[in-house]
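There are 2 protein chains.
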Amino acid sequence: MSGFLSYRYREIEPYTAGEQPQDRQYIKLNTNESPFPPSPKAVEAVTKAAVEGLKLYSDPVSRKLRKAIAAFWGLDESEVVATNGSDEALALAFIAYCGGGEGIASPDISYGFYPVLCGLLGLDNEVIPLKKDFTIDVDAFCATKNHVVLANPNAPTGLALSLAQMERILVANPDRIVIVDEAYIDYGGQSCIPLIPKYNNLIVVQTFSKSRSLAGARIGFAAGQKALMEDFDKIRDSLNPYNINTLSERIGVAAVEDKNYLEACVAEIVKTRAYTANALQKLGFEVLPSIANFLFARHPKLTGKQYYLALKKEGVLVRHFDKDRIRDFARISIGSREEMEILLEKTEKILKGEIAL
Amino acid sequence: MSGFLSYRYREIEPYTAGEQPQDRQYIKLNTNESPFPPSPKAVEAVTKAAVEGLKLYSDPVSRKLRKAIAAFWGLDESEVVATNGSDEALALAFIAYCGGGEGIASPDISYGFYPVLCGLLGLDNEVIPLKKDFTIDVDAFCATKNHVVLANPNAPTGLALSLAQMERILVANPDRIVIVDEAYIDYGGQSCIPLIPKYNNLIVVQTFSKSRSLAGARIGFAAGQKALMEDFDKIRDSLNPYNINTLSERIGVAAVEDKNYLEACVAEIVKTRAYTANALQKLGFEVLPSIANFLFARHPKLTGKQYYLALKKEGVLVRHFDKDRIRDFARISIGSREEMEILLEKTEKILKGEIAL
Chain A
106 MSGFLSYRYR EIEPYTAGEQ PQDRQYIKLN TNESPFPPSP KAVEAVTKAA
156 VEGLKLYSDP VSRKLRKAIA AFWGLDESEV VATNGSDEAL ALAFIAYCGG
206 GEGIASPDIS YGFYPVLCGL LGLDNEVIPL KKDFTIDVDA FCATKNHVVL
256 ANPNAPTGLA LSLAQMERIL VANPDRIVIV DEAYIDYGGQ SCIPLIPKYN
306 NLIVVQTFSK SRSLAGARIG FAAGQKALME DFDKIRDSLN PYNINTLSER
356 IGVAAVEDKN YLEACVAEIV KTRAYTANAL QKLGFEVLPS IANFLFARHP
406 KLTGKQYYLA LKKEGVLVRH FDKDRIRDFA RISIGSREEM EILLEKTEKI
456 LKGEIAL
Chain B
106 MSGFLSYRYR EIEPYTAGEQ PQDRQYIKLN TNESPFPPSP KAVEAVTKAA
156 VEGLKLYSDP VSRKLRKAIA AFWGLDESEV VATNGSDEAL ALAFIAYCGG
206 GEGIASPDIS YGFYPVLCGL LGLDNEVIPL KKDFTIDVDA FCATKNHVVL
256 ANPNAPTGLA LSLAQMERIL VANPDRIVIV DEAYIDYGGQ SCIPLIPKYN
306 NLIVVQTFSK SRSLAGARIG FAAGQKALME DFDKIRDSLN PYNINTLSER
356 IGVAAVEDKN YLEACVAEIV KTRAYTANAL QKLGFEVLPS IANFLFARHP
406 KLTGKQYYLA LKKEGVLVRH FDKDRIRDFA RISIGSREEM EILLEKTEKI
456 LKGEIAL
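Heads up: the sequence lines are chains A and B, in that order.
Read in order, the letters of the first sequence are residues 106 to 462 in the numbering used here.
Read in order, the letters of the second sequence are residues 106 to 462 in the numbering used here.
Only chain A is shown next, with the shape it has when bound in the complex:
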């Protein structure tokens, strides 16, 4: 640390991303990426002429991408702002709306980026524990006096709230912003986007990193009523006026327009998820009923860390969180059927003692 870092950041803890080891080739089931390439139409959108066109600035408002996202969701263009990944959307929402002295309420077990952002921005993070069954405590989120951020489905549990539950929270907090992070919504959840006309305190955040196979392109967006999005866009424009590069915008437009490809990828993940969950249960795992592109599972004979380390040694990466309440679990991204077969085979060997812990 230099002597120049502002005093307010001396204690902050940056975000810990899933590991990306370079020592060997792994089957990567640790960062909830898609096993499929992006839509062929997205790949075709990157022409030589487009790359040469990088000499010009990107569109500061990424209008084509906003339009395409709005069309996909039946929104008006003024209700969408595209961002450099959904992390940027979360950061901008926290900055724009949560600086009035209130804090932000989030579950104790959720996306680790929320407390990091609160730390950076000096916001009080009210931590509301999940219930014993790892579901979100809706009553507690109705009772909070703070703004709310919820991942729906939640990570790393994969459990989702219904629209009716989300509406309870929205109605109970009319003077507070409710940010719903729908990174994993496409795999079986109900998006809150159709609620936007009804609630002026709702912001939905989504990403192209998961179901659209574009984690490396850094594309996300925020959606909400026009007045909210005007505020949001003003903050975006004041912090990074050209936030999305030209190629990602082109890729994003093509990807969001290729609905068939999205649906095919999602259907495959949902099928493989069911297959994997079933197989893990047969091996004695408790598997939470995830509707995301990952499973959260524990085995009575293994700690989460043992399982994670044994798999890593065998070339399979899953994610383990060394944190109270979920220490026994591993979060396993749903890859291709072949990748999950290998995971299951290794898991069986670990349980049989054929792979040492």
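These are computed hints drawn from the structure, not numbers from a lab.
Any copy will do: because identical chains look the same in the list, a pair fits if it lies in one copy or spans two.
Under the rule of at most 30 Å between Cα atoms (straight-line distance), these lysine-lysine pairs were calculated in the DSS-like manner: (1) 237 <-> 428; (2) 339 <-> 428; (3) 172 <-> 417; (4) 339 <-> 417; (5) 410 <-> 376; (6) 169 <-> 146; (7) 364 <-> 169.
None of these values were measured; they are calculated from a predicted model.
Keeping the supplied structure of chain A fixed, place chain B upon it in accordance with the hints.
This is chain B only, laid out in the frame that chain A set:
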């Protein structure tokens, strides 16, 4: 504006980017882009496999790009952090170092993004007027009690400080950060990067948007001593952990490694700049001695706005700033020789009255 925007942002003025009109094809000499495509090696770096690889997250620390930039400048990898455009680098530097109660000093006429950032972050912006000849008032920047941000060369004047002048400011402010924004350094200025080992309060910010013809790829970086960059990176990681997309990283590495192409592009711009400045002077313009990729010029018989509007009508875009002291000027980006010939031809016709004001 919604009722939810934090009170502290109610008065902020977002950044006004150069216009990008879509009504017709213009000769764009208004946003200091390069007339040349990016390096052919950068174009080749975008393979189909690379685009398909977007299914995986980008490297959160963009290590390959940091290494390439460090190698180019003779720095250690730990002294460089790559960013999503240099605007992000500026924002992160302001956030990281300038939150201790001090403000930021900047010239009254400079890059319009500095006061925008100060507004967003609630930082006091000490405005130090340029001297009568439009040069930076070095003595005043030595006397400030605030942090310092300077564009060198300055925009829109194109005038630069020498390394000796920069050192005076660095020495005079040992407890304050001095951010040097070198967006236009490659066209004839002296970079402060070689001063990094000597000054622990120096941060140099650069962009790939100008001399490397990559405005649309959003690539910038900050450089400084290791301890400063550790702080900077911690803030980056807390605000947007995956700030650079995979394709831009690949493109950036190829571009920075192609030094010959950079030098050829810069040489061409420098030649065309001299040609254009000379021709404008012959037409009666006062032209500041710019060492950037633009000229700042005024004519006794035209207001800046008249000249800008007449050119726009004729399909040539330049930039006019409706601001005291520089209202008479137009900022003219250096395009290709052919583009500048058209500009000069139109200018001559305007002065002869053959094009109506």
